[in-house]
Amino acid sequence: MAVFDNFINMYDIKLKPRLLRTLIKEHVPDEKHPFRNPSELSKVVSMIKTHKLLGESSMEATDKKQVEIWTSTVDAWVERLFSLVSSSMPDKRWAGICLLGVTCQECSDERFLASYSVWFHKLLSHIQSPGDCHFVKVASCASMSDLFTRLGGFSNVKKEGTSHAGKLIQYLLQLLTDDYSEAVWEGAVCLLLTIMTFFPSSIHRHYDSAEAAIASKIISRRSSVHMLKKFSHCLALLPKSRGDEDSWSLMMQKILLTINVHLNDAFQGLEDETRCREAVRLLVAPAKSHPPPLGGQNEASEKLKKRSEQSVISSISTLMLCCSTMLTNSYPVQVNVPVRPLLALIERVLMVDGSLSQSLLPLMTSMQQELICSQLPSLHLHSLELLLSIIKGLRSQLLPYAADIVRLIKVYLKGCTLPELRIQVYLVIKVLLISKGLGMVVYFAQEVIDNAIIDLDSLIHDIGNNASSDAYRKAPSESLLKSSRRKRKHGNRSGSFEEHNDSVNMEPEVFKKGRTSSTSLKIAALEAIECLLSVGGSLRSESSQAGNQKFWRSKIDNLLMIVATNACDGGWAKEEKSVFGPNEKTSSYADLQLASLRALLAALLSPVVRPTYLSQALDLFRRGRQETGTKLAEFCVHALLALEVLIHPRYLPLVDPSQTSINCISAGLNFKLPENKYSHDKKQNPFLVNDESWNQDGDETDYLLTNVEKNVNYPENPNETSGDPEVENIDPTVGSSGIKDSEEQEQQPAMAASDHFVMGDNKDAVMVDAQLSMENSPQENAICHSVNVGPGRTEEESANSEITPGKDFRVDKDDGLAARSENPIIFDSMKGKGSALELDDEGMDSFPDIIDAEPDSD
Amino acid sequence: MELVMASSSTVDGGIGCWDLKTGTERLQYRSCASPPHGLICVGKRLLASSQVRESNSSGSIFYWSWNKPQVEVKSFPAESIKPLVSNRDGSYIIGGGSSGYIYLWEVAGGKLLKKWSGHYRAVTCLSFSDDESLLISGFEDGCVRVWSLFMIFDGLRREEANHLYVHSFHEHTLRVTDIVSFGSSNAIIASVSEDCTCKVWSLSEGTLIGNIVFSSKVYSLALDPSDHALYAGCMDGKIYIAALKAESSRGNNYQIHLTGSLTDHRSIKAVTCLALDAYGISLVSGSDDGMLRVWDTKTRNIIRVFKHPKGPVNNVLIVRLPLYLNGQMPSLRRHGSLLTPALEKYASSTEENAEVKALIAHQTTCNRPLDGLYHSSEVMNDQGKELQQQGSSVASDMELERLKLDCTRSMQMVQQWKKMYETLHQYCVNELLDGDLTGNSS
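Taken in order, these protein sequences are the chains called A and B. Oh and the first sequence: position 345 is 345 in our numbering, straight run, nothing missing. Oh and the second sequence: position 93 is 93 in our numbering, straight run, nothing missing.
So here's chain B without its partners, still in its complex pose (with noise of 0.2 Å):
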């Protein structure tokens, strides 16, 4: 099952949650304002928000779990945390700071693990690669830069290397408003910008390899793989459709086509934020005006509008839970762990001491029991190739022990006719005395 989750920046406006497919309202998570590409589902265990908060130097990270309106767990990093990521596994949780730093929190621990300067304007968004090797992030003044995680980790490469970044791109002009990956080997990078641009990278060449502009500021971005298209949330409240297109199925660039829009008249409020369900079929958006809206994106009509309880929406998600869950939400305490720790403001310094806490994780394994298992029948055939060759000492003990009782038995039998033999010469002695005795006396 599908389930939709949509928060807004204003203050304690909640994050809503529908299912995609009956359109039933689900629970809600209380005290939640995040900014934009704050609101991250981390493993399908627990869903994570940056927070906006004006006033306070030290940023915010919120925690909740499935099962529960309130906040779960708080976390303060250093600095303000704007746009988040989290790796499939929920293994990590990177941030963007609002001074160009980047964060790299392991969550079952809570350490920060890594903290570099991406840039000197602040991070905007971040997205992960296909294979999550490379870390996407995108700055305030139009910067587009990628990471390779390794390298970030690797302290001698680090040294060696003139700069951490695989590739940077500087072609946009004003802030970076979303950025989508797909593809592995050959994968794109596709960014949109309020300089009113999608603009098109090769990762592994890292060359610009397209341009679309828009007539108006581009706030999201969704592509379906599957489809070639991409779709591009604006600030006039219509989605554009363009198609990517690969000139032939291996080449590196890609002929971009306007194919259309989605619009809904009655709203001209800012699209904010897109998410393309798993098979590329519903694309919901949310918008400034409070309103998620489901889209068919074969009809291209709208199939299902949400109200967010509370002010404009500025992140939607669409997150899957495994079918074996039932509809149930899972719970974190099912798995035998405890509270998940708060997120570390500092990485501790002595850091060859600390042991990074590495899981592994619970499978549910089929318990079935295989006929492999069964091995009476193995052990069986093995044993009485023994016994017939009569080689192993095993077998001989057993051999020895047979003829010992073989041997008792005959004994006994041998004791027995000898009783036998015994009567019966007892017998005839007493018929010839008797007879002797009536002889005499006849």
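Next comes chain A alone, as it looks inside the complex (with noise of 0.2 Å):
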């Protein structure tokens, strides 16, 4: 070749066979010379994968010589490998193997499907010779393992695939079965794995024998916990390769009889015994008998008592992982998954807190106890991953079994401490949560916040590092948690399980002093709260409690503007991980910033009439968004674009005089105002009558509502019903000046909260106005009100002012009857609520200045 022959650019075609052939000139080591540097195949295998070396064709339209110069150096490639593969030489076999299984992966589709049967009898004869070291067959297994994965992508070669695989299958169990190292079984599991994935009818006749050499290794409990994963997760899918659903549910119901066999020898002294048997009995029909013990032997049984109480829960754990599995895998037929008896077993786990039975004498020496209390935490997490599974194999099916779901999740979390198990706690509650909506918030609203503020309490205390200006945020978060104390004390008075939980009785309190929770609690819990108030924000927490849904909903916007302040006050984390910090997922600070201020938005968004913190939550935002290049900045640009609605001004309430009585009453409900903001006396209130918790709490939303202040003055006496549908007598004038008045911020009597039925043979065409029909009794205990837009306003606030003239307009009376004979239809107020202005097309022609506020309405 010449020596100027230059290329274009490393774009181009005719480098892939000359970089190829120097590749297998100077690093693929060969039959004479020695090889002394494996890290050299990493270079070629990079370089390989790089470059698409053994991709034999390009994109671009090249001479049929440029191709073919590369075909040839592929099979001077693979001829190369060959000779590797059957070298005498350990080390140069394992070299080919390895880049035979690259090959494998890399080359053409043309070249695979052609060659594919020769590389894999190459490969099986090093996974069936005994006598190749461990390392070659290892390598083999993960190159075998490759090729068929290659294959699976092919569908018309499915049947050649699953005859190859079936030779194999015998072979790997072996493989399995003989002592090899670890190393070896792992290599084998991974090769059974793909198999099993891509073609799962070619284990179906070594069914029996592979369920057999997987249990036993899974309850001979002498592989690593890494190495017990896989083969969970191998046990899981073997079903699979049956694919009928009695296989399925065989395997569940073994693999939950030897978990609560294993259970029953773990717990001895620790629970009643009426408990486990109760937990068999779910498993097995009195009629029926017991199926075949896991992996068909018995003596397995006898083996266990022997080993060590570490190793038994080890075991269980795996075999729960592996029920997770089986739940949440596809399965190609439908099953029948026994819920009952998966839930006794995760209860019967979950119950478990290591404290001895009162009813037994104690069977159990103190050093037992610590072993099995120094093993409690990972069953434990392991039954809630199994929950966690259970939601989400069954979906829309949990609905019979969520109250007994909710009720186990409410007393484990009233016990449980642990930072690992309450992170896995919320996660489970998150997603219970998502999936069933208004109704699981009715639930749990109550536990969320409880508990979130207690995991929560070091970022409510936190004051920051510049306390000047941050005094007032104390009191408020104080008052906060005096609250949920005392809520909680009340929630247990009347709580429905306070028969259960007398073993577990333990008072949150106990861990509240001095406990900081850990970095990944506190964002396990804010996103609970986030998740719990993007799905039912707007819900009552008990229908029982009609009066205090309001009051969680400002509880938690305040908690959650502390927190996300607090959280965010001491200027921004870095994201990045150090590269020598460690390499397990840990949560760092900005994790809990973004968190935090994701919870923040969820607060804003989720319905109420007008977020009490905006102003404040949109300069976090802001702040945010400076942050250039990080995750947090992505969101807070999210943030802004979601709180656009809220900010502009076009989203603001619409302005005519029916649209503010409203927002004055249900600010009234939802705005715990400063006091001294009030004209009016609130016991007299009569909107808040059920609401207890304003007197005592009204407080604790005060301090960050300085710059929100309106002016809400509220009647006497409102009128309950006072329906009064004569509208005939109406003296429209009176209506005009009474919003005028209103206007000039003067108590007058607005509106009457009146309740017109209009029954349907009523075939008059009526007109109910509201400011006509308020004025027709303005003696009858009217609501008066009246906004005004403060001077410390916002800049929403101030938004709303020019607006605010909008509201001017004025009812003609030859109009409004007009409009009134013309229209068939009756609109109709209704109580407490306002009223609605009936407009049709035509009426809406006399109302110029609402249609400039209303831009939807033309």
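Just so you know, the hints here were simulated from the structure itself, not pulled from any lab data. The C-beta atom is built at its ideal place from N, Cα and C for all residues, glycine as well. Treat each hint with caution, since some may be false.
[Claimed, not checked] Computed, partial: chain B to chain A, Cβ under 7 Å:
(1) Asn-186
(2) Tyr-374
(3) His-375
(4) Ser-376
(5) Val-379
(6) Met-380
(7) Asp-382
(8) Asp-397
(9) Met-398
(10) Glu-401
Dock chain to chain to rebuild the complex, using the hints, since each chain is given by itself in its own frame.
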């Protein structure tokens, strides 16, 4: 080749064969020279992958000659690999096998289909032969797995693939049963998994021996946790090879029975005997016989007694993991899930907290207890994971069991203090809330809030680095906690699960003191609240506590604002994790800031009439947006977009009298306004009669409300129902003057909260106007209202004030009557909610002012 | 693709089926005489309809599978069931009885999971809230009740609470004819009644927030969430349109305007049922004159008319079939399950022993190989590292084998050299001897 036969650029197709040739010549070992540097191979592989050296074709139309050169080079490459694979030196054999695996992944479709059978036999011989060293066996399993993965992608060779895989299975199972090192087992299991995924029917003939091999690995408990996970996954996928309902159910039943048998040993002396009998009774119908034990061996249970408690627990966890996988993986046919036994198992585990059962004589030494207690958290964690999988797997079919699950979680959460477990419980709650919606919020709201307050404690009390301006924070957060404590006690007294939780009745106060929860726990708590707000922010917490609904909302809004402010006060944390930091997933402070902002956004978007802390929140989001290149900035941009609808003047309440009156009333319910801003006596406010929290907790939201200034005047004693359908005597001019008066912020009788039921048979063309009807009986305890856009208004308030003049419209008597006679449809306003203004298309024309304010009505 | 299904109350009226886009008529399902709100599609797997039967004391509910005109499964509940509703997954069917009882069956096993008394008058319509956790029922006397399904299944709570329902509204004075809800967290319910009104309630607050009075009895209702428009099909043959506009994006209050009507002047028969397609563009109305009209909601024109073969239409459904079916009706057996069992008449008495069937649905998973699944290069890298460190026993194993081979090779080499040496030696000796011999001789 000419020395100056240069390439166009690095994409040139000519480069590829040349590069490959260089690799073969210089980097791939050959028969003659000793192979010294295995890391050389990684470079070869990365080179092949980056430049797609084995692709043999490229996008651009190129001349045939180049392609031919390339093909012949790849031929040479494969030649070399073959010679390596059959080399007598084990390290070269190993290199050849590894590179063959990469070739399976990288080569062109045509080449793969033409030669996969040859490659399969080359690899098979190494898996088969007992003499080969472990290293070579592991590599052959990995390469074989890649071969089947690639083969699985072709739909036209399913049959051949299955027959090839069938030849392999028995050797694989041999590898698993023989006493090889863990690395070989891992390779074999990975290969088995690949085959199960792509060619499940090939295992059909070896089903029982496969089950026995894997189950014995799990039960013998000589493997590491990492390996156990893989075994459990393999066992879970095994029924797929048969693909019928029975094998799935049988497998599930066997696993559950095995878990329960193991639990009997582990929990001896820790729980009542009845519970374990109950668990087994649920699993096996009285008329039926026990299924054969998992894996078919009977001696397993005898062996197990000799092993230590520690390993019992680890194999229970593994089997639970197996159940989870079975529940969440798809299965070719519909199967019957034994939900009740699964839930009984979870409850059985979660209810054991390591305390000795009182009814029994102590059968356990303190050392045994110590052992089991050290292992219990991981067992609980796995049960919670299993619970999560049940929720995921059953989807809507969870309904009959939902209440039981909720009760279980509530009881568990009360006693649970370990952060890792609490995080998992929050996760379960989150999934439940999302999947089950409003109905679930009714059950969980109080629990989530109470527990989140405990977990976010340090953030609420964290006054921040600059204590100067934040003195006001302390008071509200304290009152917040006080009220939560009071609430919880109240909840306990009337709680339905009082009788259940005698044993776990640990008051949260016990661990409240001085406990600083971990960052990830705080994040989990915030996420749970976020979820609660997004799913059911507007729902009452309990139907019986009608008045308290607004209370929990305002409390949570308040809490989230404090948390977000405190979390983000000390500046933004760095997101990048240190190169030298721990590898495992730990949550950084940046994640906490993000979570607090997410929850805050949910609070703002979740429907209330007007978000209380909009301006402070906007400020936070705007500051966050400046942190270029972080996830936080990304989220802040999203938040600002989502809040756009609240900021933009177009979306502010439309200004017409009925609407503003509605705003005032609902504002009174939602906002705890500073006392001195009120011109009326709260106690006489009939809208707040049920809201017992008003007087006790009204102060807690006050401090952040200083720039949301509104004057709301409530009537002395408003009308309950003064339905007055007689609209003939209306004097519209009084109505318009009433509106004018309200603009002048005078206390005026404004509107009757009236009920109009106009029956269907009343065909009269009657028009009911809020203003007209309210003026009809001004002395009848009408509600008086006025809105004052105060001097300390925020920007959206001022936007509001720009529209305020739009309020000023008058109802012309003639127009109103004309519209009335034309319109066969009667609009009616309902009690306490103000009135709807009845306007049909023609009617609209007579109110030009409204059209301005109401962009959608034209 | 979207299909329009319509059924009628006349005996043996059948279920008509049309393609909404093309207007072509599809398979007709036979022997169906449904009451209003009696026709549902269960999880896109089958059609179910309650039946109007005069004489018998028990009610009946029929199933059809997509590709067969005959009734596939017949169930006979304890009493006459009129309205039906099913959740999106198709795992439950809820029916309202004429005695006011509400029945909840699971579809997979046919079990009657719950039966509770809703009211003392007949149930006329049923509807789910958006998240399917709440059930809204309308009754003959105008009562509207909201139920939390969790509460229904929660024995302990049931005992505590003095009533089962979450809300009970009594503002309607005559039979409730249709109920629709939308919105998740701050949802509203709209109900129409023969008392000529449509009432709008806040689901979370449990209060009445709006009322529209019409000039004639209202039989059907459809809500278009994107437009905030409400369509009410009335007895006078008109469909009135009211705008449900939130006063702000987060307000609890809706101002209601009537913005017009959809009218077909050729017909003055009552509009009995309405259905909106997923995009909110086509509105299908069924009428007492046996016609189905497809309206374009933007232009308010009729774009298509179907005629039901028999009698007045009282149910209309729009069923959207997933694209991967390619217009083929999904058959039950494709998913490997056998016939769906009939719904049970009575709840099994031994409740604790009865295992409720819960199924893991078959999901169509994508089987395309992913790069993450290949792991030989990763294994190779790990092993390469191990080899270099020579720390692990496995690596030393291989090293040992290699050294052994090296050793044997060296031995062979030694042997070879020895042989060579010996040959050379022999040669030299021979040479010497030969030389001596020749020297001697010479």
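Report task. Starting from the hint list further up, note which numbers the structure goes against and sort them upward. Result -> 7
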